[in-house]
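Student: Chains as they are written, first to last, in the numbering used here: chain Z, 1 to 282; chain L, 1001 to 1357; chain X, 2001 to 2297.
Simulated from the structure, these hints should not be mistaken for laboratory data. Where is the CB? At the ideal position from N, CA and C, for every residue including glycine. Careful: at least some of the hints might be erroneous.
Which residues of chain L face chain Z? A few of them, derived with a C-beta cut under 10 angstroms, are [stated by the list, open to error]:
no. : residue
1   : ARG1047
2   : GLY1051
3   : VAL1055
4   : SER1057
5   : GLU1071
6   : PRO1072
7   : ALA1078
8   : PHE1093
9   : CYS1286
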Amino acid sequence: MIEHRPGLKIFCHVALLLGVATVAFPLWVAFVASTHTADRMLEIPLPLWPGTHLLDNYRTVLTQGVQGASTAPVGRMMLNSLVMALSISIGKIVISLLSAFAIVYFRFPLRMFFFWMIFITLMLPVEVRIFPTYKVVADLGMIDTYAGLTLPLIASATATFLFRQFFLTVPDELMEAARMDGAGPLRFLWDIVVPLSRTNIAALFVILFIYGWNQYLWPLLVTTQESMYTAVIGIKRMIPGGDAAVDWNLVMAAAMLAMLPPALVVVAMQELFVKGLVETEK
Amino acid sequence: MATVSIRDVHKSFGDVEVIQGISMEIASGEFVVMVGPSGCGKSTLLRMIAGLETVTSGEIAIDGRVVNDLEPMERNIAMVFQNYALYPHMSVFDNMAYGLKISGLPKGKIASQVQWAAETLGLAQYLRRKPRELSGGQRQRVAMGRAIVREPTVFLFDEPLSNLDAKLRVQMRAELQMLHQRLRTTTLYVTHDQVEAMTLADRMLVMSMGRAEQIGPPAEVYSKPATTFVAGFIGSPPMNLIRGRVAPGAELLSEGGARVRLPRPIPELAGRDVLLGVRPEHLEVCDEASALLTPNIDFIELLGSDLLVYGQLDAAKADSRIAARLNVSSGAHKGPLPLRFDVANMHLFDPQTGKRI
Amino acid sequence: MATEKRAHFPAGWLPYALVAPQLAVTLVFFIWPAAQAIWQSLLVQDAFGINVRFVGLLNFRELFADPAYLESFQVTAIFSVLVTLSALLVSLLLAGCCDYVVRGARGYQVLLIWPYAVAPAVAAVLWTFIFNPSVGLVTYALRTAFGYDWNHMLYSGQAMTLIVIASAWKQISYNFLFFLAGMQAIPKSLLEGAAIDGAGPLRRFVTIVLPLISPTTFFLLVVNTVYAFFDTFGVVDASTHGGPVRSTEILVYKVYQDGFKAGDLGGSAAQSVVLMVIVIGLTIVQFRYIERRVQYT
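Assemble the whole structure, with the sequences as input and the hints as a guide.
Tutor: Here it is in structure tokens:
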């Protein structure tokens, strides 16, 4: 369409650039902070350009953590976050795939009952059941374990619904042809359904990985030892309340590290990420 | 090659009975076409033979063995679906090999089987391609290849040509016939297209609303339709049906008062209400003296060497339309047109039951 | 689209086995605790669980009579309205601009969506650092340029502003994505027809684009509200801790405070149940509307 409205176009670009700047501002601030010394970070005004201590800070933070901040080295915490995020995303995908397959491709008594039960979990985010869930985990002896971190978050209605919706679009004839070829249900699932679901699985993986990595409330409750803290929890704990001086440079370095893996996943798999978001919310 | 027996088969979905007692014996190597309008139950019947639907009552036997409770893969049959149902993520080779792989055939044997099937269908150079890279006709062949590669005793086709364009359909019809000549496998073929049915079938099963209207070879179904449904379904344009009372002296008095002379008198039906049937292609233009009926033609379609003329037989009766397929050189024109037909092409049906008299 | 499939396998024990893992986790970690929460909300017990009394709806009555709780309700309501409105408006503007300028749209998209990857708690840490009363960059700018004294530890309005900014910052990218997708789904022919009829870009936006993306808007409204209610725990915990003087103590934070720090299990369970009801209400609204939305397309 031919339209000569340079004024409007400029306005839009300006607005967008402002938006990008606002969005990028905290990131820039953190990055800059993570490249200076702790002392420099206490002199106001704080620097707007990077310093020279990038490697030092990151190395310290990864291997030693922040002094006096009651956390483990960030490297350890990132590992915890990684295990948690991977377990949750992979676990959710596998469990939901199996459930959705069963609900769609079988008619068995109690089928709708199971369906509604899974649906109910949509209405029970962890924040609504924190104490009883904590008690259950404690009773099962899973405090401070990877299992305790991940299992309560692994049953997901959204993933199940996504797969169910997708399976409903797979042509019936495909399953019938497979049956004629002699494939049983599990074979059909593995040979036909899973390959066809590849994009959905990848898209879900992106969303779920970020979800798992960014968990806050639950890991806060379930971990008591520093060595089990996740990266996100660790950042917060590095900032003791009150007037104690904070090594902002190290804290910001840790924050950068905590943001890095999910950001990488989003940017690298942007297409899938967008698709995943839009599909899961339908 | 196997025989297929359908013995008084009924099928209900809940309270709705969709197949109401169909029986047919199919000989080994026979090509049977199940034809009828949408919703008549032909696909359901085929799927019951395939094992994709359960049988509510009655028996289905393949090669003498009752298969009602057998899984599809235990029946030694293969099916070609309307939408081809190819596995989109697998190559042509893998698509055809899948069933063989599951049955545990050794790799070498699988490869040679697939190669044979591919060559039979002209697919040898497409083996590495994925379905989305193939045209409609090629995909259809892959679907057939998947069926023949297992060398089953019965082929089932569910409207396989419906998704192809007209020209391709004609070509594939010929290929199907040649394939059947070569392999001589018992084939059950479902279609709503009566041209496909007439050209491919050894015998036809004409269905309507879950019932078998007629079973027989195409020639018989055409020349001796058992019911008005069959008469109207086979042949295009459909057979003309004129309702009236038999008057003495070889005449039919139509409901609206028009007179139709009959080629021969039928004293045994005197005074009875009948449906007189004549196919459009059996009407000829003649002189007024030998005319048996003289409809008022108001619409003419030119089809190359043929003319389709449509007219009103009875001015008083709005739905007494007559169609005739005439030669271009027959001198057909608008207005009153004298037509005649032969005794051999006269059909009589009972207006109440629709059955042939 | 069908909600049932015609093609299915004969049942047996297999479907049960397939559903079992999800069912097990659901029962053990969702249903059972939820039931526990409901049960506990009807009890009063001391911190050690020794003295337990069934008191019916007493906890709820006390809850709604408690000014601190009602204040928390109010705080949460204000907070969610502010977050939702600001996130929606800003993202709508950005999406509209991005849809209008074809050039560079891709780049803008990439640059605007990555905050989704940041955890709310980390977002709060960053923004708290920027607004840090002693060393924050913005604090410094406000002081030197306007003489304005920023200290969100002391001023409750500022504290609310801070958590709203930190929460909305993240949501802008999420909303932006959905708005853009919704706008790009509008058939070009509609806009072209309007342009031929003489409608300028602004008029087209208001009279065509906005109404057509209303399903998306409504959907985002619900999602943002849910986000503001529940996913922002980390924001509060990492910045204001509910202060000063509980002026940023949103409901979900209060549950945590009262339960873990203060040990009031009955009251905290009652609060959980109230939150449950709110979630259920919002989810029902969301699904009811989504179903109708599907009929538009």
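Student: Checking against the hints above, which ones are violated?
Tutor: 3, 4, 8 and 9
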